[in-house]
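Student: Listed below, chain by chain, are the residues.
There are 2 protein chains.
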Amino acid sequence: MTTAHGRILTPAFMPVGTAGTVKAVHQRELKDDIHAQIILGNTYHLYLRPGLKIMEQAGGLHKFIKWDLPLLTDSGGYQVYSLAERRKINEEGVSFTSHIDGSKHFFSPEYAMDIQRTIGADIIMAFDECTPYPCEHDYAKKSMEMTHRWLKRCCRRFDETEGKYGYDQTLFPIVQGSVYKDLRLQSAEAIAETNREGNAIGGLSVGEPAEMMYEMTEHVCSILPESKPRYLMGVGTPANILESIALGVDMFDCVMPTRNARNGMLFTSEGIINMRNEKWKDDYSEIDPNGTSFVDHEYSKAYLRHLVISKEILGAQIASIHNLSFYLHLVSEARKKIEEGNFLEWKNSMVKKLATRI
Amino acid sequence: MTTAHGRILTPAFMPVGTAGTVKAVHQRELKDDIHAQIILGNTYHLYLRPGLKIMEQAGGLHKFIKWDLPLLTDSGGYQVYSLAERRKINEEGVSFTSHIDGSKHFFSPEYAMDIQRTIGADIIMAFDECTPYPCEHDYAKKSMEMTHRWLKRCCRRFDETEGKYGYDQTLFPIVQGSVYKDLRLQSAEAIAETNREGNAIGGLSVGEPAEMMYEMTEHVCSILPESKPRYLMGVGTPANILESIALGVDMFDCVMPTRNARNGMLFTSEGIINMRNEKWKDDYSEIDPNGTSFVDHEYSKAYLRHLVISKEILGAQIASIHNLSFYLHLVSEARKKIEEGNFLEWKNSMVKKLATRI
Chain A
28 MTTAHGRILT
38 PAFMPVGTAG
48 TVKAVHQREL
58 KDDIHAQIIL
68 GNTYHLYLRP
78 GLKIMEQAGG
88 LHKFIKWDLP
98 LLTDSGGYQV
108 YSLAERRKIN
118 EEGVSFTSHI
128 DGSKHFFSPE
138 YAMDIQRTIG
148 ADIIMAFDEC
158 TPYPCEHDYA
168 KKSMEMTHRW
178 LKRCCRRFDE
188 TEGKYGYDQT
198 LFPIVQGSVY
208 KDLRLQSAEA
218 IAETNREGNA
228 IGGLSVGEPA
238 EMMYEMTEHV
248 CSILPESKPR
258 YLMGVGTPAN
268 ILESIALGVD
278 MFDCVMPTRN
288 ARNGMLFTSE
298 GIINMRNEKW
308 KDDYSEIDPN
318 GTSFVDHEYS
328 KAYLRHLVIS
338 KEILGAQIAS
348 IHNLSFYLHL
358 VSEARKKIEE
368 GNFLEWKNSM
378 VKKLATRI
Chain B
28 MTTAHGRILT
38 PAFMPVGTAG
48 TVKAVHQREL
58 KDDIHAQIIL
68 GNTYHLYLRP
78 GLKIMEQAGG
88 LHKFIKWDLP
98 LLTDSGGYQV
108 YSLAERRKIN
118 EEGVSFTSHI
128 DGSKHFFSPE
138 YAMDIQRTIG
148 ADIIMAFDEC
158 TPYPCEHDYA
168 KKSMEMTHRW
178 LKRCCRRFDE
188 TEGKYGYDQT
198 LFPIVQGSVY
208 KDLRLQSAEA
218 IAETNREGNA
228 IGGLSVGEPA
238 EMMYEMTEHV
248 CSILPESKPR
258 YLMGVGTPAN
268 ILESIALGVD
278 MFDCVMPTRN
288 ARNGMLFTSE
298 GIINMRNEKW
308 KDDYSEIDPN
318 GTSFVDHEYS
328 KAYLRHLVIS
338 KEILGAQIAS
348 IHNLSFYLHL
358 VSEARKKIEE
368 GNFLEWKNSM
378 VKKLATRI
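These protein sequences, in sequence, are chains A and B. According to the numbering used here, the stretch in the first sequence is residues 28 to 385, in order. According to the numbering used here, the stretch in the second sequence is residues 28 to 385, in order.
Derived from the structure by calculation, the hints contain no laboratory data. Accuracy of the hints is not assured; some may be wrong.
Note that the list lumps identical chains together, so a pair holds whenever it fits in one copy or between two copies.
With a straight-line Cα cutoff of 20 Å, these simulated EDC-like cross-link-like pairs (lysine to aspartate or glutamate) come out [as the list claims (entries may be wrong)]:
(1) LYS255 / GLU366
(2) LYS90 / ASP323
(3) LYS93 / GLU313
(4) LYS306 / GLU83
(5) LYS58 / GLU360
Looking at chain A on its own, in the form it has when it is part of the complex (with noise of 0.2 Å):
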């Protein structure tokens, strides 16, 4: 897909930079050995700090940060969720106290789309209630209501509003209706009538069952176009985004290989490491010889594991630079596999070996 800043080809996948940076990673990192082409920024986040004011007087958060690139920023309503307190949610939106500083705050779908004009990313997500799982069936349809609602008015205020930098932004609408097939497909339908130039799925990856997770995303992608990038949530192991780029999708943003790393776990093509055993102590092979980074042939395990267990900085910033190229590498090597028409065979034969603990 084409953005203001530039072409991302898909299958994607987004590194999380939450507060305006991947953690641990420097930006000409992300360009030069991780090849991202498009990083995530948290609403949530940057609204409680820097805070909209540095925020539009640095001119968005593209050049806050030095990233020319494209950006997302989700809508914050995932945070809200999962990390505000005393958060309440009515028609109108969500109030709730900052977990910083217990300042209160309230989100409304179209305050959501002005705090996403203000930060600038080229992709903006429709504001949404996330439901936990497990979820009745009763407050799953409820609330998926309540997020179509929501939908038509971010869309309102989107289309009335213009990007305040000189440059266009897009907005994603959101999928949800919990683990129910039947609200998945209404909630498909909804979404994709509102014929916006991509098209996400939320609600899932909050801990139900990967295949339950793969089963509501290859109900919804029957409806989503295919001709649109259809972008997963939140997703996820490896495994995960090679099973979903089989169901059809596009998008991918996942914590997981920067939050993993900090704790000293890698993903490599032969399984999942943990830097943390003992069994790597004394082995100074490189870090990963099939890796695409230069940390992969730079440093060796045994040198990682000390700085793991020392709690050196270092370590964290070497283990999310492989994890984060690792990833990429992945969907890049996926979208070859698509071209060449051999995605499925090799998909099958990587998911088993990704999933080992070696």
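Guided by the hints, dock chain B onto chain A, whose structure is given.
Tutor: Same frame as chain A, now just chain B:
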């Protein structure tokens, strides 16, 4: 000076890589962005973790951390006094318990040499007692005399052993004597007599007034041969370094540029910046217009402040690269001014600016 891993132009500042990593900085950044000629490792830390077995299997610290330029290790003496618990000192050496797991250990001058042979740094340091400040003349004298006896044992062990990895190492002795001129002169004489390739000044920058440190340094430098590098251990602020260069010092190390960076404090050519200060929150100018590293021009003060306030790892990364680049550039400027013959004039104009808080 020339070592097995290359030449070092003096005056030189050595970034501190305590546990085998200069905190928050990649090795390639040390080389390509910061232009470090030599870095320092801490014997106490490396001995405790990852330990000598790993160090030896890896083929020494250079190979373990992938650093092919010169390395220096301290002897462990300073950390034993400042970090270890329940340390007990006698003529034979020092017994102590680890700050990590409470395990018991014993360092003798001979063992400190053996450990540093195993770590394999190009320059290794004699095992000494670093007296605290303040310190009675009587204690300082007795301690210095023991340090001199220990030095003989260090030299003997060093001279009857060889580098373990096929290259030569060199041993620097350390002048002690607290803040007493008579002891410092006496110690400098004793140290110079050992006729090593370089000489160090220890026991300063431990809380005494800067003027006292300069006075002692001057006395010591009047005796240590100017044809060999003089290394003032653990010093210091940018102004301390320039003043000490004026007194004849050639080598420095200090955790200040990296430790202060992690607290959001920047050293710049215009003075000291506390990045946490409210005044920077909407300052979108580059971090340091006179800065020599990419971070200075890539990122703004407002962005760095946001990262520091948000406790983001990237804040520590950016500030550490900035501060180290600043230190390295400062000593290379000093070198240039010395060659041009106008060092003193430049130094006097610089020290005023360097200590200004902006």
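Student: When no copy is named, should LYS90 and ASP323 be tagged within, between, both, or neither for a Cα gap of at most 20 Å?
Tutor: Cα proximity of LYS90 and ASP323: across copies only (15 Å, versus 31 Å in one copy).
Student: Give the relationship of LYS306 and GLU83 under a CA distance limit of 20 Å: within one copy only, between copies only, both, or neither.
Tutor: between (50 Å within a copy, 17 Å between copies)
Student: When no copy is named, should LYS93 and GLU313 be tagged within, between, both, or neither for a Cα gap of at most 20 Å?
Tutor: between (32 Å within a copy, 11 Å between copies)
Student: At most 20 Å between CA atoms: does that hold for LYS255 and GLU366 within a copy, between copies, both, or neither?
Tutor: within (17 Å within a copy, 65 Å between copies)
Student: Classify it for me, LYS58 with GLU360: is the Cα-Cα distance of at most 20 Å met within a copy, between copies, both or neither?
Tutor: within (18 Å within a copy, 33 Å between copies)
When held up to the earlier numbered hints, the structure conflicts with none and fits them all.
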